[in-house]
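Turn these sequences into a full structure, and let the hints steer you where they fit.
Chains A and B are the protein sequences, given in the same order.
Letter by letter, the first sequence follows residues 3 to 296 in the working numbering.
Letter by letter, the second sequence follows residues 1382 to 1702 in the working numbering.
It should be emphasised that the hints constitute simulated quantities derived from the structure, not laboratory data.
Every value quoted in this text rests on a predicted model; they were computed, and no experiment measured them.
Be aware that a few hints might be false.
[To be verified] Straight-line alpha carbon distances no greater than 20 Å define the calculated SDA-like cross-link-like pairs of lysine to any residue that follow:
(1) A:K83 / B:V1678
(2) A:K83 / B:V1674
(3) B:K1623 / B:V1515
(4) B:K1623 / A:D269
(5) A:K83 / B:P1684
(6) A:K83 / B:T1679
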Amino acid sequence: MDTFVQQVVNGLQIGFVYALIALGYTMVYGIVRLINFAHGDVFMVGAFIGLYAIERCRLPLFAVFLLAVAGAALLAIVIEKIAYRPLRDSPRIASLITAIGVSLFLEYFTALRQVFGPNYYSFPRPFAVSSREVCGVELTNLQTIIFLTTLGCLALLYYVVHRTRMGRAMRAVSHDHVTAGLMGVNVNLVISFTFGLGAALAGVGGVLYGIAYPQVNTFMGVMPGLKAFTAAVLGGIGSIPGAVLGALIMGQSETLTAAYLSSTYRDGIAFVILIAVLLLRPTGILGVPRTEKV
Amino acid sequence: MKRISALARIAAPFAAAAAAGYLLEATDVVNPYWVQIFQLACITSVSALGLNIIYGFTGLFSLGHAAFYGIGAYAAACLMKIGGGESHLFFLAALAAGSACAALVALLVGLPVLRLTSDYLGIATLGFGIIMKVLFDNADSFIPLLGGARGMTGIARMTTVPWTVVILGIVLVSARNLVRSGYGRALVSIREDEIAAGTAGIDTFRYKLAGFVAGCGLAGLAGGMYAHLYSFLHPSNFDFFKSVDVLVIVVLGGLGNISGTLVASFGWIFLLEGLRVLLPPEYIEFRWVLIPVLLIVTMLLRPQGLFGFREFRFFREEAEP
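This is the structure we're talking about:
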């Protein structure tokens, strides 16, 4: 029983990181209906910014997060402007292929020796990891930091989406971007902001992931990206609480499979759950079914 | 008589190409490496035509095409290893069996999954692709012959230029005839508007399933040829990126465009290999930097695909007299 609770806590650790990535997918999908395949690579860039900020500049942890957030957000806004905006009125598959192109470009461009380099790099720990027993469960200070940072980000996100003018504009554009535009919402600005906000969360996720699993390389974003996106679909894509819920389920299923079944099946089990859920609820757990109008 | 001459007209170029290919293969005029790439391009065309039927004509968004390619490859290779030796007749039977295996799995997967629509279908098939990759990785724990994560070695090299060209020819002609038939019309009508198609009396689910199964069957066929071309199979040959490869080809060529798929398959495969030769060795890692840039620029300039709706004459609709 104790090991079970311990595994659940470990699952929460990876689940919270997935949640930070999944939020970006779900918000972007909610607003432009695009599977932003490049999002996992923005997460990777966030992790590398964190690596350089810690290793080369020896910045305090808070500044490292700020830098990663700023870099990731800027990158996502530029990507949106160059690659996605010109295709907004084209068939959706065109922007999807472009997103795949951007993703491949980011992976291989940053893998060049002149940029980040093709190897695995060890991510420096900014603090010594120690663990404490809380109610019979080993809880590391690393896990505490991951939980607190993620919860803080979620609270901030909730505030932005539900309590600010920009958040209201985001919800309006995601509901119907043509009408929102007619009502005086600056749709382009809102879309840029959404990309930036999602990427900022991914940047935080990248640094946390780097600290927790201290090996980074330029392809590290692929699997977490796919899983986070799957988590967003599992929870109901377009729904912010859904993305968090999906990510937590994803994290649990993965850790529990690795612990009790076999770690080689770890990558597969989450997708079995996904397909099962989609068959029962085709729009995800918290997704709102849309009826097609004739 | 008219029929025979029409058939001859269709078959002649393929027969010529197959003969030319056979001569090239036998005489060493062309570097055998490039002959192999040519075969790979033919095989990729077959697989991409399958996805074109699924996505281009029927409008079913599939991100798991490589899984069916892999099922065909492993099934055919396995059969050939058990009973085939070097017999060409048995090779054809193994290809057919591999294709049938992929089609059967597609049927079983399609029955539940095809009730989903658009992006949800894409994610479900993506999920299926990743599950299959995990199964291929662990395959040696239930069938040691398949090799699992270490890869499957020692598959007979049976895929020759004439086989690839002839099979590609047959698939091309069948795809063209399928699209022109009532069946194909029904598939296209589902892509255009599923509700309207249903109202017009088309059993949409059955047709979607048929389109999906047929397309995956072609992927399986291509997989079998691939296995016997390189004589080595590894699960990483059938991961998510390979599904994306085929999707890129189909979209680049233009959705629902047979000529486009054909040209894009050859273009894509030869571009990937050509850059290996064109780039100086110290810049070889720029290959995958250039390719996405080309892809993005192409999409920005021609979002409807390189060919759009234009087809070669052979694939074009003939106006009713």
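Now for the hints, and whether the structure bears them out:
1. At most 20 Å may separate the alpha-carbon atoms for a hinted pair to count; K83 (chain A) and V1678 (chain B) meet this at roughly 14 Å.
2. For the given pair, K83 (chain A) sits about 15 Å from V1674 (chain B) by alpha-carbon distance, which is consistent with the 20 Å threshold.
3. As the CA atoms of K1623 (chain B) and V1515 (chain B) are separated by approximately 15 Å, the hinted pair is consistent with the 20 Å bound.
4. Between the alpha carbons of K1623 (chain B) and D269 (chain A) the distance comes to roughly 18 Å, so the proposed pair stays at or under 20 Å and holds.
5. About 16 Å separates the Cα atoms of K83 (chain A) and P1684 (chain B), which keeps this hinted pair within 20 Å; it holds.
6. As the CA atoms of K83 (chain A) and T1679 (chain B) are separated by approximately 17 Å, the hinted pair is consistent with the 20 Å bound.
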